[in-house]
Amino acid sequence: MGMSIFRQIFCLKNLISFMVLLEHNQAELEERTLTTGGWASGSGSRATVETTCYVLMALHDRSGPARNSAIDFLLRVRNQDGSWPAFEGDDPEGCWTTALALIALRFVNAGFTGVDKSLSWLLENKGREGHWCWKWKFKTVDRAVQFNPDKFGWPWFPGTVSWIIPTAFTVIALKQWHACCGTERITDRIHLGIDMLRDRACPQGGWNAGNGIVFGAALKPHVDSTAIALLALSREADPVDIQALKWLREACVGCPSAFSLAWSVIAFSTHEDPALDHCFADLHRALFLKDSVSNIETLGLAAIAINAAEGKANPFMVI
Amino acid sequence: MNRRDWLTASAAVTGSALTMRFQRRRYSRDFRPKISRIAILNADQYSDKLDQLLFDGLRLFHLDVRGKSVLLKPNIVECIPEKPVNTDAQLIGAAAEAFLRLDAASVIVGEGPGHHRDTDLLLHETGLGDQLAHRKIAFVDLNRDELIKTRLQANYSGLGNLWLPRTVLASDFIVSMPKVKTHHWTGVTLSLKNMFGIVPGCRYGWPKNVLHWAGIHESILDICATVRPRFVIADAIVAMEGDGPLNGSARYLKTVVLGDDPVAADSTLTRFMGIRPESVAHIREAGRFIGNLQQSVISELM
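Chain order of the listed sequences is A and B.
Quick note: the first sequence, position 99, residue 184 per the numbering used here, numbers continuous.
Quick note: the second sequence, position 90, residue 103 per the numbering used here, numbers continuous.
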């Protein structure tokens, strides 16, 4: 009984502290809005799509001009073919940020109507190993990296092979938009993407950037890649996912990076994992170290993580 | 002309066209100095003594860095315990200190790790974050810097242009600081290959897979022709041999190699490693226009 009261007081104190932190974060993000709309990475003056998506998700419940100008920015820089570039002024080729922009626009109820074109672009785009010629090469000649080329996902940029993070984001975007625009083709690509993620897991659990084994050596998993891949695999109970969650729980202990911890909090929150409380406390601690929040992506992700952990809203949640 | 003659003539024309294509000059400028200079410094271990060692080593070159902005580009890839994967943090700190003592206007450390998106975490794990904070040296994550579309000064990859970080393009004096390693795809990873890390992940991915598909050797040549490192400080105190760049084993060379020509430095280092520099495609080709490959035009400073 006494312990329970103590825990409630402790949680309330933490909650107030987090609310203050969230308010502070959101105010700082709004202050750093570019006059042209959106947010730049680092100290740059050119808005990038990735940064803007995170910040837009972080400010989803605010009603200031920053949120609206971010939506305008995303709609303005969208390419003719429905894809998104990496940043304002980039070549109009489209890249992995297309999935992230779709997730962000849906989350803030932007009233985005051009989704079919963007989904088509995502479905046309695939890792180069998905082509029969390269598939054959990876199966026969090039065995340096061990993976099954029948299971392919999405590249960072068209014309290259599949990688974990772009595949995970695209699987999330397709799952989220499936409710309104689902087709058999979308369902198939979602399954293929999920198969690819599981195929490329590291032997010890979790994910590196791409393959788990290169030249016979197991690669070390990364915290952020693992957390993002787990978001795409939510509500699944595959042994690979379970092993990845176990690895992530251990990797987060003592992790000093607010960027990695924010992604982990979002992943634990999505999976309703008991490690959430501990990871959340570590994020809180990391955010108070000024050097850890020097970049705007981290500030945005931290705000998303706080909201997700409090059960308010999680932009990466798949219904 | 009968059918045999026609086939022979066609084969000859095709062969000549292909030969011309491969022998065509693909660079716009010859950067090779008349004489390249290198210095080989002995260092048993990573310690505070590196500060003085590097300062004395740099003074041998009489470098004019007064009032200039210096960018140190180390090789920071992944933190794997017991594996000498990255340029040592203490050596980077010592280099920064040495350039400041030579009156550089500013010294910045910049890197765009190939696979790791969480650069803060990597800086923490490698000890570079603490090292730079202690010495009050700024770090720029080149993966997320502001970008400028830049026309490549050579045409090996066929890419034509690359978006490159403003920090790199605005620097007066770029120093490539590789970890001396073997590499399963390029043979070695030295000062030229190290420049791969200036290409921004936010535009080319993590890893920079666009460049892999355009050809690793070819991309290295195009990058180095466009942003030629002015100086090299190579970390060979503990090098890596075998299955590099991540899973090789430590090789104690106990040496830091300095050089005012990246090709001369790389060819010297490959010889050190028991590899013929001509057998590494990008070093061989770089010897035609980026710097000097032949020992006869490389002078060792003592």
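Bear in mind the hints are in silico, worked out from the structure with no lab data behind them.
Please note: incorrect hints may appear among the correct ones.
Okay, the calculated bits of chain B under chain A, using three or more residues with CB under 8 angstroms as the criterion [to be verified]:
{"#": "1", "region": "122-131"}
{"#": "2", "region": "208-218"}
Pairs of lysine-lysine residues, derived as BS3-like cross-links and limited to a Cα-Cα distance of at most 30 angstroms, are as follows [stated by the list, open to error]:
{"#": "3", "chain 1": "A", "residue 1": "Lys224", "chain 2": "A", "residue 2": "Lys236"}
{"#": "4", "chain 1": "A", "residue 1": "Lys202", "chain 2": "B", "residue 2": "Lys162"}
{"#": "5", "chain 1": "B", "residue 1": "Lys162", "chain 2": "A", "residue 2": "Lys305"}
{"#": "6", "chain 1": "B", "residue 1": "Lys96", "chain 2": "A", "residue 2": "Lys331"}
For glycine and all other residues, C-beta sits at the position ideal for the given N, C-alpha and C.
Quiz item: Which numbered hints turn out to be false for this structure?
Solution: 5
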